[in-house]
Amino acid sequence: MRLRALAEAWVAYWATLAPPTPLALIRVALAVCALGTLAHMVWSGVLLWVWGDLEFGGYRQNVPGHWWWSLVPYTEPGLWGTVALAVAAGILVLVGLGGRLSSLALLILTMALTSINPESGGGHDRLLTNALWLLVLSPGSATCSLDCRLRTGAWMDLTPRPAWTRDLFLFQLVLVYVTTGAQKLGGADWMPWGDFMALHYALQLPSWQRWDISGVLGSVTWLTQLATVGTMLFELGAPLLLLGVWAERHAEGGRLVRWARRVHLRRGFVLAAVMFHVGIDALMNIGPFSWVSMAYLFAAFEHHELVAAWDRLRPRRP
Amino acid sequence: MDKLRALFVLFHLVGVTLLSLPAPGKAQDLDEPEVVALLDNLRRLGARLGVERSAAEVKVIAVDVSERIREARAALLAPFAPYARLTGARQGWSMFWAINHRPARLVIELEGQDGAWTPLYVARSDVYAWRRREMDQERVRGVVNQYSHLRDRRSYRAFAAFIARRALADHPDAVRARVLMEERPSQPPEALRAGKAPPSKRRWEELYSRETP
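These protein sequence lines are chains A and P, in that order.
With the numbering used here applied, the first sequence corresponds to residues -5 to 312, in that order.
With the numbering used here applied, the second sequence corresponds to residues 3 to 215, in that order.
Hints may contain errors.
Pairs of lysine to any residue residues, derived as SDA-like cross-links and limited to a Cα-Cα distance of at most 25 angstroms, are as follows [to be verified]:
1) Lys198(P) <-> Asp305(A)
2) Lys203(P) <-> Arg180(P)
3) Lys5(P) <-> Leu199(A)
FRET-style restraints, in silico, Cβ to Cβ [said to hold, decoys possible]:
4) Arg155(A) <-> Glu59(P): 30 to 38 angstroms
5) Ile63(P) <-> Leu95(A): 24 to 32 angstroms
6) Ala76(P) <-> Ala(-1)(A): 29 to 37 angstroms
7) Glu73(P) <-> Trp74(A): 53 to 61 angstroms
8) Ala1(A) <-> Glu73(P): 27 to 35 angstroms
9) His173(P) <-> Val214(A): 38 to 46 angstroms
10) Leu78(P) <-> Pro309(A): 50 to 58 angstroms
11) Leu6(P) <-> Ala303(A): 31 to 39 angstroms
12) Asp42(P) <-> Ala82(A): 48 to 56 angstroms
13) Pro35(P) <-> Leu48(A): 28 to 36 angstroms
The set of hints was computed from the structure by calculation and includes no laboratory data.
Predicted model only: the values in this text are computed from it and were never measured.
Note that beta-carbon positions come from the ideal geometry of N, C-alpha and C, so glycine has one too.
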């Protein structure tokens, strides 16, 4: 009987409806990230270097594993055609035209391109494709989109729609933080017996450093140690984001939920996440990882909160 | 519909959680400096708790345990792996868990008509910054990062030959190009404050002339 009640509560929870504004903002942010990463490759002149074959501008022979390349020949025109389609799909997702099909197209094309040379990719590619899959499952173009404009004549449609993917976005982000934090427990530099020197040494890695800051690094050891501890606490404490979101969405709840609401746990965590990612991006070049991660954070908010934030941010007319 | 959705969510959540569990390394990975340090820490912890084992014994245990875990992991992930492969929901987030203390940086040098070698590119240098826009791009950094750990020599040779061809094409006066990874230990704070450049080792040197295929 108890199991049955649990199952019913589970089914009811995932059937929740809400205005899809947070999902629309995730859609826009992800499209900007996907387009940005392609544009940066073209602007830098490395697209053929890393995704081309030895025969046409690349440094190695590639055997792309994605099924797309059994339909489209892996040649220079085939590669550029695929990039052009990915840009087109990215623009459609950005403006919200074509609904989930556009998101699916962008997902498939991103997977096809990043499968060419896995050496050149990393966590940011996985985080992006995870998000695009969740976007395929979401009504992300139901509002703030051309689809909405064509359907209703207005840019916004606040009709409540299935909101279950918001929690999947948040769960995915928390999973990234927690699993990377848990693995760091095995790295001595992140622990007291390594004097919390992880970031001191990470900021000297030539592969990822954005600037050579070795001139000041020796004088701010306490700061890098503090940031190392902060990183561990932030990553391992990421489930607090789920608690914070739950507390804001549900008026009822026990002592823990009331505490989470009282200390504004959700907003505090989101602020910490933004500081964490902006800090990483300022000091290290690890691709669009930080920006894709921050796109997920829109899922922590409700429509009315985002509208209120927008009202506060936009310039007022005199 | 609601029940189907709830079932799918359960499948997805269980799947991505299991897929995000890190795969333990293979036997050859246990020789990586970061892993050697971890095993040594475990050995010392065991000794403090009264379980004395030699480094070789700890390695044998680690190989055995990691093989068992890998097999169990593969069996557990079997139902979810096709889903992740098809939908892009692949996981794996072992970011910066072990910091490389002896990173190597990419260096490209050119030989002039007089036989003298001069640096053309040194990773992250403001002085030797040939084709910086390309070389600083995050995907090129990703490619070079594995060589920074002195991993995958075969891929390195392909990359080095590619980059040397471009360097020679951009500098018609140069006779030959040399590509190498300069291994330089990261410095503790006191050494950085003293401003002493650490001794470096030139590794994986590859030499290319215009005739090199």
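| message | Hint compliance check: list the failing hint numbers for this structure, sorted ascending. | response | 1, 3, 4, 5 and 7
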